[in-house]
Each structure stands twice: as C-alpha cells, then as structure tokens.
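A.B. asks: Please build the complete structure, drawing on both the sequences and the hints.
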Amino acid sequence: TVAYALTTAPLFSTSSVPAGILDIEAAHDGQSDWRRVLAFCLEPGAAFSYDNPFKVVDNLSSDLKRMWATHFSGINNATKAAAFQVAVWELMVDGGSGLGTGNFKLTDLSSAVATQAAAYLNSAGWGNTLANLVRLQDSQRTQGDAQDLVIDVPTPATLSLLALGLLGLGAIRRRTVKA
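Sequential numbering of the sequence shown, starting at 1, is according to my numbering.
Mixed in with the good hints there might be a few duds.
To be verified - With a cut-off of at most 20 Å between alpha-carbon atoms, the simulated DMTMM-like pairs for lysine to aspartate or glutamate come out as follows:
1. Lys105 <-> Asp94
2. Lys65 <-> Asp108
3. Lys65 <-> Asp94
4. Lys65 <-> Asp148
5. Lys105 <-> Asp152
6. Lys105 <-> Asp23
7. Lys65 <-> Glu43
8. Lys55 <-> Asp148
9. Lys55 <-> Glu43
10. Lys55 <-> Asp94
11. Lys55 <-> Glu25
Unchecked claim - Pair by pair, the computed Cβ-Cβ distance ranges are:
12. Leu109 <-> Glu25: 33 to 43 Å
13. Arg36 <-> Gly102: 13 to 23 Å
14. Ser123 <-> Asn103: 25 to 35 Å
15. Gly100 <-> Ala124: 29 to 39 Å
16. Arg35 <-> Thr129: 18 to 28 Å
17. Asp94 <-> Arg35: 24 to 34 Å
18. Leu38 <-> Thr129: 27 to 37 Å
19. Ser73 <-> Trp34: 33 to 43 Å
These are computed hints drawn from the structure, not numbers from a lab. Where is the CB? At the ideal position from N, CA and C, for every residue including glycine.
C.D. replies: Structure follows, in structure tokens:
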C-alpha cells in the first residue's frame with residue numbers, strides 16, 4: 001500500500017491504495033481465447049472495473065516506454081512492483097518531475113517504495129529501447145471515473161523469435177525421440 005496526494009482535477013484526493021502489478025485475464029471482443037496480461041494502472045485514485053470493455057489506444061509517452069523497457073523485467077517482489085506503479089503514476093500525472101512535487105505527491109518519501117521508484121524514474125539509467133506499450137482505455141468511462149491500464153504487447157519480431165525457438169525445441173525433441 002502506498003499513500004499519495006493528488007492535486008489535479010477531477011481526482012483531488014489523499015489516499016492509501018494498493019500498488020503493484022495487476023495480473024488479469026483478457027479476451028479480445030468477447031472471444032473465448034483468454035490470455036494472461038500483466039498491467040499497471042494509469043490514473044491514481046480512479047476505480048478499476050472488470051466488467052467494462054476496453055479499447056486500445058497508443059498515446060503513451062516515450063519516457064514511460066523507455067522506463068518500462070529498462071526496468072520491467074527486474075520486478076521480482078512486491079516492493080519493486082509497488083515502486084514501478086508509483087513511477088508509472090508519476091510519469092502519467094507529472095511527467096517525472098519528482099515524487100514530492102507537482103500534482104502527484106508520494107506521502108512517505110523515506111519508504112523503500114519511494115527509494116525504488118526514484119531509481120526507476122532516474123532517466124540517466126534508461127536505455128534507448130522503447131517498450132511496445134498500449135493503453136487499454138475503459139470505453140465506458142466518463143471524465144476521470146475509470147481506470148485505464150498499460151500493458152506490454154509482444155512485437156511481431158518477438159513473436160517470430162518465439163516461434164523459431166519453439167520450432168527448434170520441436171526439432172530437438174524429434175531427434176531425441178528418434179535416437
């Protein structure tokens with residue numbers, strides 16, 4: 001749980017909320033092909049609805065994409081997941097101006113989450129690679145009342161490499177079975 005103050009309309013608030021990775025299952029347009037998706041929330045203070053349909057929007061900053069590409073794979077515990085969520089909120093609300101300034105302010109700047117979030121937000125450590133992120137926007141939303149999510153979508157090149165790897169594993173398995 002992280003505590004924050006939000007001083008931007010329409011979600012003026014001071015709150016303590018759970019922060020971290022959302023592990024959800026999603027299907028495209030009511031199809032039965034459900035897939036596991038790891039996501040982060042984009043708006044602090046907005047409610048998340050599991051019932052509403054989402055539309056895909058590509059309007060995320062290159063800073064968020066660079067931070068994600070650099071640090072997402074290293075998230076291996078709850079503190080890092082919460083810190084990454086805080087860093088995402090900071091980039092979305094204030095563009096990374098700082099956890100104690102701007103419209104999004106983390107209340108406890110001495111916590112392990114704050115320290116890790118500040119490390120994630122240090123753009124000097126970011127690489128030049130952009131993650132292939134999309135925003136899942138709640139299509140039933142009214143101004144500020146619904147939660148959008150950010151997810152990483154595999155690129156066609158990544159899928160091609162995965163397919164080649166699986167074919168290679170299949171070929172190795174066939175050779176082992178024949179021998």
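A.B. asks: Sort out which numbered hints this structure fails and list those numbers smallest first.
C.D. replies: Of the numbered hints, 2, 5, 6, 10, 13, 14, 15, 18, 19 do not hold.
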